[in-house]
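If you read the sequences in order, they're chains A and B.
Sequence positions in the first sequence follow my numbering and run 560 to 836.
Sequence positions in the second sequence follow my numbering and run 560 to 836.
Simulated from the structure, these hints should not be mistaken for laboratory data.
Take these hints with a grain of salt, some might be off.
Said to hold, decoys possible - Here are the simulated distance ranges between beta carbons:
1. B:716 to A:623: 26 to 32 Å
2. A:718 to B:729: 35 to 41 Å
3. B:637 to A:660: 25 to 31 Å
4. B:561 to A:791: 19 to 25 Å
5. A:768 to B:676: 27 to 33 Å
6. B:695 to A:622: 26 to 32 Å
7. B:652 to A:768: 25 to 31 Å
8. B:651 to A:816: 27 to 33 Å
9. B:716 to A:622: 51 to 57 Å
Claimed, not checked - When the alpha-carbon atoms are kept at most 30 Å apart in a straight line, the in silico DSBU-like pairs for lysine-lysine are as follows:
10. B:832 to B:562
11. B:562 to A:562
12. A:561 to A:812
13. A:641 to B:641
14. A:812 to A:641
15. B:561 to B:832
Even for Gly, the Cβ is constructed at its ideal location relative to N, Cα and C.
There are 2 protein chains.
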Amino acid sequence: VKKWLVNGMPATSIDVADRGLHYGDGLFETVALREGRPRFLESHAERLSRGLHRLGISAAGVDAAMLEVEQLARSHTFGVAKIIITRGGGPRGYRPPAEEEPTRIVGADDAKPSPAEYYAQGIALRYCETQVSANAATAGLKTLNRIEQVLARAEWDDPSIVEGLMLNDRTEIVSGTMSNVFRISGSDLHTPPLVKSGIAGIMRAKVLEVAPSANLRVSEATIRPEELRQTDELFVTNSQIGIWPVRRIGELKTAVGPRTRELMQCLVALGVKECAR
Amino acid sequence: VKKWLVNGMPATSIDVADRGLHYGDGLFETVALREGRPRFLESHAERLSRGLHRLGISAAGVDAAMLEVEQLARSHTFGVAKIIITRGGGPRGYRPPAEEEPTRIVGADDAKPSPAEYYAQGIALRYCETQVSANAATAGLKTLNRIEQVLARAEWDDPSIVEGLMLNDRTEIVSGTMSNVFRISGSDLHTPPLVKSGIAGIMRAKVLEVAPSANLRVSEATIRPEELRQTDELFVTNSQIGIWPVRRIGELKTAVGPRTRELMQCLVALGVKECAR
Numbered sequence: 560v561k562k563w564l565v566n567g568m569p570a571t572s573i574d575v576a577d578r579g580l581h582y583g584d585g586l587f588e589t590v591a592l593r594e595g596r597p598r599f600l601e602s603h604a605e606r607l608s609r610g611l612h613r614l615g616i617s618a619a620g621v622d623a624a625m626l627e628v629e630q631l632a633r634s635h636t637f638g639v640a641k642i643i644i645t646r647g648g649g650p651r652g653y654r655p656p657a658e659e660e661p662t663r664i665v666g667a668d669d670a671k672p673s674p675a676e677y678y679a680q681g682i683a684l685r686y687c688e689t690q691v692s693a694n695a696a697t698a699g700l701k702t703l704n705r706i707e708q709v710l711a712r713a714e715w716d717d718p719s720i721v722e723g724l725m726l727n728d729r730t731e732i733v734s735g736t737m738s739n740v741f742r743i744s745g746s747d748l749h750t751p752p753l754v755k756s757g758i759a760g761i762m763r764a765k766v767l768e769v770a771p772s773a774n775l776r777v778s779e780a781t782i783r784p785e786e787l788r789q790t791d792e793l794f795v796t797n798s799q800i801g802i803w804p805v806r807r808i809g810e811l812k813t814a815v816g817p818r819t820r821e822l823m824q825c826l827v828a829l830g831v832k833e834c835a836r
Numbered sequence: 560v561k562k563w564l565v566n567g568m569p570a571t572s573i574d575v576a577d578r579g580l581h582y583g584d585g586l587f588e589t590v591a592l593r594e595g596r597p598r599f600l601e602s603h604a605e606r607l608s609r610g611l612h613r614l615g616i617s618a619a620g621v622d623a624a625m626l627e628v629e630q631l632a633r634s635h636t637f638g639v640a641k642i643i644i645t646r647g648g649g650p651r652g653y654r655p656p657a658e659e660e661p662t663r664i665v666g667a668d669d670a671k672p673s674p675a676e677y678y679a680q681g682i683a684l685r686y687c688e689t690q691v692s693a694n695a696a697t698a699g700l701k702t703l704n705r706i707e708q709v710l711a712r713a714e715w716d717d718p719s720i721v722e723g724l725m726l727n728d729r730t731e732i733v734s735g736t737m738s739n740v741f742r743i744s745g746s747d748l749h750t751p752p753l754v755k756s757g758i759a760g761i762m763r764a765k766v767l768e769v770a771p772s773a774n775l776r777v778s779e780a781t782i783r784p785e786e787l788r789q790t791d792e793l794f795v796t797n798s799q800i801g802i803w804p805v806r807r808i809g810e811l812k813t814a815v816g817p818r819t820r821e822l823m824q825c826l827v828a829l830g831v832k833e834c835a836r
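If we strip away everything but chain A, and leave its shape as in the complex, we get (with noise of 0.2 Å):
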């Protein structure tokens, strides 16, 4: 049963005069609930905070949010946690009130395991039409700006199709809908730079920081579709599914290899256990 707390306080409605409602001025994060824990709660602690710290909004109210977290994740075996922290209410027009107040909204539900083919056999993904737009201002961090995933995710009904990759104006790879792209070459595991967009993905920080163990050379490096012809290996992350190999974008198979499962171990040990399925 989802439930919710505004402000520490039980509540299934915020006020309507919101600036996260009137102009997604805000952020969040989704933590993943796993026995009753939440999964990496520092790390999105510390991503909420830098984040607030990048909009000008006070992030006093994170810690509250983290024992929150804490608080409703007892009653999850397998579940997911979203915090949102909004700039709150003010008066009209897009100045930031003199006064902020913002405002902590943190929820929890049950989530659905993904289905174990997924990580035993990879998904397929698809390109999206719509683009991701580019802003060094608001790059990498996950507002509450997300129309465009929204009109990226309602592109296509096809349920084979388990994820679709964006682009960016230049023709390059910047993310999934909802996850963080990476691509593995000999030795070399690449994954987007955050420069102009994407969302700095809290699995992807994970993956990045394990590599080294599974001697891979890691760095930031665009990606154009093209190039997929010529990578070994292909998978998408996020703080609720770990890895998830890919064995098709568009009509290009991809082999699901050995160094995707040796990064999928190197998660298992740090606590994702989904990926030992």
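With chain A fixed as given, assemble chain B onto it according to the hints.
For chain B alone, kept in the frame of chain A given last:
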């Protein structure tokens, strides 16, 4: 006093799970209320319907929203109404739910007329560092994704600067943070195209409509900061203000000229009486 209707019922809050909050998955309109009547309501309704269609959100609630605006308008001699239509609630994830129930939010409040000197002597503008991103999928739309405008408006405190111009990553002027921008050179009236970014402002459309009767040749054209040195007149528009002539942009002084005055008189004839001040 601010008053809100949510799906037709007086309310102060919305569902915490609404996609408007989570993703900015919706559109808004701000309608000027003058002497108990909404101004250009039909134009707002048309723009809103077209925009919802582009986002794949049902426009079935637009008529009801317009009736609600008319109803709320009665208690305001000089005010502003805001309409928000979101894709509504639904399960977690970017994917739009199969059965959408859009949320309709309508609010009205008194407003303060702009200072008379804005119309008489013109306003001062600055250039914002925060860029506008480009995306054909949302160009022209007044979506709830407005974090770029929030960050741009947060850049300055100086009350003598009334508006900020935002550029795209090609250093072309897109718009003000809350206004469209026009330049006049000889008998040419230019405003930036909306192919990649910007909002299709209602007052922008009215100006384009009346310009030929003021003997101005209208065209959409990119405007670069350096071109403003060769510009005769410059002004900004939005639905609440009509036209504000520009007297200064950064260090560059611009003349508040006769052609802008003539356009202002044309708008007065359409009911934008504040332009007569």
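Checked hints:
1. B:716 to A:623: 26 to 32 Å: Holds: the Cβ-Cβ distance is about 29 Å, inside 26 to 32 Å.
2. A:718 to B:729: 35 to 41 Å: 40 Å, holds
3. B:637 to A:660: 25 to 31 Å: 28 Å, holds
4. B:561 to A:791: 19 to 25 Å: 59 Å, violated
5. A:768 to B:676: 27 to 33 Å: Given about 58 Å between the Cβ atoms, the range is violated.
6. B:695 to A:622: 26 to 32 Å: Violated, since residue 695 of chain B and residue 622 of chain A (Cβ atoms, about 41 Å apart) do not stay within the stated range.
7. B:652 to A:768: 25 to 31 Å: Because 27 Å falls inside the window, the suggested range holds.
8. B:651 to A:816: 27 to 33 Å: 31 Å, holds
9. B:716 to A:622: 51 to 57 Å: Once the Cβ atoms are compared, 29 Å apart, the range 51 to 57 Å for residue 622 of chain A and residue 716 of chain B is violated.
10. B:832 to B:562: Holds - the C-alpha atoms of residue 562 of chain B and residue 832 of chain B are around 25 Å apart, at most 30 Å.
11. B:562 to A:562: Measuring from Cα to Cα gives roughly 28 Å; hence the hint holds.
12. A:561 to A:812: 39 Å, violated
13. A:641 to B:641: Within the cut-off at roughly 28 Å; holds.
14. A:812 to A:641: Distance ~34 Å between residue 812 of chain A and residue 641 of chain A Cα, so the pair is violated.
15. B:561 to B:832: Between residue 561 of chain B and residue 832 of chain B the Cα gap is close to 24 Å, so the pair holds against 30 Å.
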